[in-house]
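Asks: Sequence:
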Amino acid sequence: MNLRAAAQRLALNEDLNFLLTNRVPRIALTRFMGWWSRIRHRWVRDASMAVWKTFSDLDLSEARKTHFDSLHDCFTRELKPGLRPLDGRPGVLTSPSDGIVGACGRIEPLQDGADAQLFQAKGFPYRLLDLLGDDARGRDLARQLQGGSYVTLRLTSSMYHRFHAPCDAMLEHVTYISGDTWNVNPIALQRVERLFCRNERAVLRLRRADGGLLVVVPVAAILVASMRLRALDVPLNLRYRGPHQLPCSARYQQGDELGWFEHGSTILVLAPPGLAPDSSLQSGHRIRMGEALLHTASHSHTP
Numbered sequence: 001m002n003l004r005a006a007a008q009r010l011a012l013n014e015d016l017n018f019l020l021t022n023r024v025p026r027i028a029l030t031r032f033m034g035w036w037s038r039i040r041h042r043w044v045r046d047a048s049m050a051v052w053k054t055f056s057d058l059d060l061s062e063a064r065k066t067h068f069d070s071l072h073d074c075f076t077r078e079l080k081p082g083l084r085p086l087d088g089r090p091g092v093l094t095s096p097s098d099g100i101v102g103a104c105g106r107i108e109p110l111q112d113g114a115d116a117q118l119f120q121a122k123g124f125p126y127r128l129l130d131l132l133g134d135d136a137r138g139r140d141l142a143r144q145l146q147g148g149s150y151v152t153l154r155l156t157s158s159m160y161h162r163f164h165a166p167c168d169a170m171l172e173h174v175t176y177i178s179g180d181t182w183n184v185n186p187i188a189l190q191r192v193e194r195l196f197c198r199n200e201r202a203v204l205r206l207r208r209a210d211g212g213l214l215v216v217v218p219v220a221a222i223l224v225a226s227m228r229l230r231a232l233d234v235p236l237n238l239r240y241r242g243p244h245q246l247p248c249s250a251r252y253q254q255g256d257e258l259g260w261f262e263h264g265s266t267i268l269v270l271a272p273p274g275l276a277p278d279s280s281l282q283s284g285h286r287i288r289m290g291e292a293l294l295h296t297a298s299h300s301h302t303p
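FYI, the numbering for the sequence shown is 1 to 303, going by the working numbering.
Honestly, the hints are just simulated from the structure, not real lab data. Errors might be hidden in some of the hints.
What the hints assert, rightly or not - Only pairs whose alpha carbons sit at most 20 Å apart, straight line, appear in this in silico EDC-like list of lysine to aspartate or glutamate:
{"no.": "1", "residue 1": "122", "residue 2": "193"}
{"no.": "2", "residue 1": "65", "residue 2": "78"}
{"no.": "3", "residue 1": "122", "residue 2": "108"}
In this text the structure is predicted, and so the values were computed from the model without any measurement.
Use the sequences and the hints to build the structure in full.
Replies: And the structure:
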């Protein structure tokens, strides 16, 4: 076994990964990595990318650029045109990003009728209001989403990190919620309760062309507590001290870029009743941006 294969096998050891990334000063390490990744020096860039390639399956053959100024420049890379065709079937909402499907299913109403719950992993439920924010705006969203569907998409460090509109829609509002930077790998999801509700995240409220609601929640993680949205002119990160409620009015066509992570993390897609996960979705399934994620009840989702 060569050194690279051994390193990748070590990196895939989730217990060790959890220990190394969740038993350290997460926020301090994340801030340091944010600074380090932006250094525009070829020695720093080349050494950092060599380590990254050693511990992951990084493939840059799809990247639009062939030269990167920094590690950050590579993290946020764009793809060559035409590599993520959209599923154009009527009634299909497409995946906003590349990712690995985690938990997905129905947003179950709770007994008191005032909230609902989702699952981050088997046996690990969390309240919808804890994710969206327990205020008037969050409660209104939770009410509309009860009985609907959710899909969790995990982005690994080597994946394409930009996310796109699942359908033609208007971005009406963004709620930014500051938080921690826990790792979001599967072993952490099975050990840390309400993990998504602890981490930094943004709640994107989209109004679909048919008038329906769609909510997309990018969740940050260790080394990646920063995200950018096309509709906002400021980065949302651990140093952000601006307002948490950010009204928007930005129109997107399906597939248009909504924003990007500074590294890998998680995206949750939350849909009200009337939309259901595509039949192809299973936990562990790899999906690409543009492939079918949800479908309306009035259209078949059979490939």
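Asks: Which earlier hints can't be squared with this structure?
Replies: none
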